[in-house]
Amino acid sequence: MESIDPKCTKLKHEFDACFTWWYSEKFLKGSKTNDCEQAFRKYQECVKQALKDKGLSKMINDARPSIGSRFDTE
Amino acid sequence: MVKFYQQKHSYDYSWGTVSYAFLNRYPNPFATHVLSADTVDHRLDEATGKLHITRLLRKTNSIPRWARGIMRGNDAYILEDVIVDREGGVLVSKTRNITHTRLLKVEEKQTLAVDPFDPHRTLCKNETSIVSNIGYGLNSRIENFSLSRFSENLAKSRKGMLYVLDLAQRKGLFRQRLPMEQRLGQQQ
Chain A
1 MESIDPKCTK LKHEFDACFT WWYSEKFLKG SKTNDCEQAF RKYQECVKQA
51 LKDKGLSKMI NDARPSIGSR FDTE
Chain B
1 MVKFYQQKHS YDYSWGTVSY AFLNRYPNPF ATHVLSADTV DHRLDEATGK
51 LHITRLLRKT NSIPRWARGI MRGNDAYILE DVIVDREGGV LVSKTRNITH
101 TRLLKVEEKQ TLAVDPFDPH RTLCKNETSI VSNIGYGLNS RIENFSLSRF
151 SENLAKSRKG MLYVLDLAQR KGLFRQRLPM EQRLGQQQ
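The listed protein sequences correspond, in order, to chains A and B. Going by my numbering, the first sequence opens with residue 1, and the numbers climb by one from there. Going by my numbering, the second sequence opens with residue 1, and the numbers climb by one from there.
Keep in mind that a hint or two might mislead.
Computed list of lysine-lysine pairs in DSS-like fashion (alpha-carbon distance at most 27 Å, straight line) [said to hold, decoys possible]:
#1 Lys59/B to Lys7/A
#2 Lys8/B to Lys159/B
#3 Lys26/A to Lys59/B
#4 Lys159/B to Lys48/A
#5 Lys171/B to Lys26/A
#6 Lys171/B to Lys52/A
#7 Lys54/A to Lys42/A
Hints listed in this document are in silico derivations from the structure and should not be mistaken for laboratory results.
Take these sequences, add in the hints, and give me the full structure.
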């Protein structure tokens, strides 16, 4: 699966690999530690920059509070 | 006028497996319209133990012929918010399109929960709300078109999920029941 910007795809795959391992081996078994913090930070930096470059940051930030707003809040 | 739609079904897999499959559902052969998927936020709430994930998805935008005059063919961006409650065995995903919103606003909420009577099964509920405010007397037509496409899309995404679930099963993931599922399975 590609990232929004090809520059970030490799970092995305590294984070995804960590996440899939962590989710099944740690999170689902009760661990409360966040082992993929580092991989995520690197990946997130790249994505944030890509979104800025594409002019999407504002659109995303504006949309975030109202996702699923028509449904009951949990 | 907002239109709502709801559908319930189930998967013959444990919740741990289904939630895992859901979070890793792209790419799959039934989702070729999804061009990119990025996690924009990933946070484990230490107090509640809940996992919060926000994703940005980019999909190709298929427009019906009659709408092409009023809608550009750009890619569509969708934002997805997922909350995974491991203790309670519930995953809730909410999505909303963030482009082409003047034409159509589609919100979807999907709930995946352990079947209280069978820990090897997962219940799935899909709810959607669709509204168009484009005007020109087209609102209803657009809403109805989108609604009719929605149930096809749900069928496709279910096929995609089953594909990923089958793969996860073959890889030998989740051979054992997780402690949480055993506990929830005993609550009759």
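Each hint, compared with the structure:
| no. | hint | result |
| --- | --- | --- |
| 1 | Lys59/B to Lys7/A | holds, 19 Å |
| 2 | Lys8/B to Lys159/B | holds, 15 Å |
| 3 | Lys26/A to Lys59/B | violated, 31 Å |
| 4 | Lys159/B to Lys48/A | violated, 32 Å |
| 5 | Lys171/B to Lys26/A | holds, 18 Å |
| 6 | Lys171/B to Lys52/A | violated, 38 Å |
| 7 | Lys54/A to Lys42/A | holds, 19 Å |
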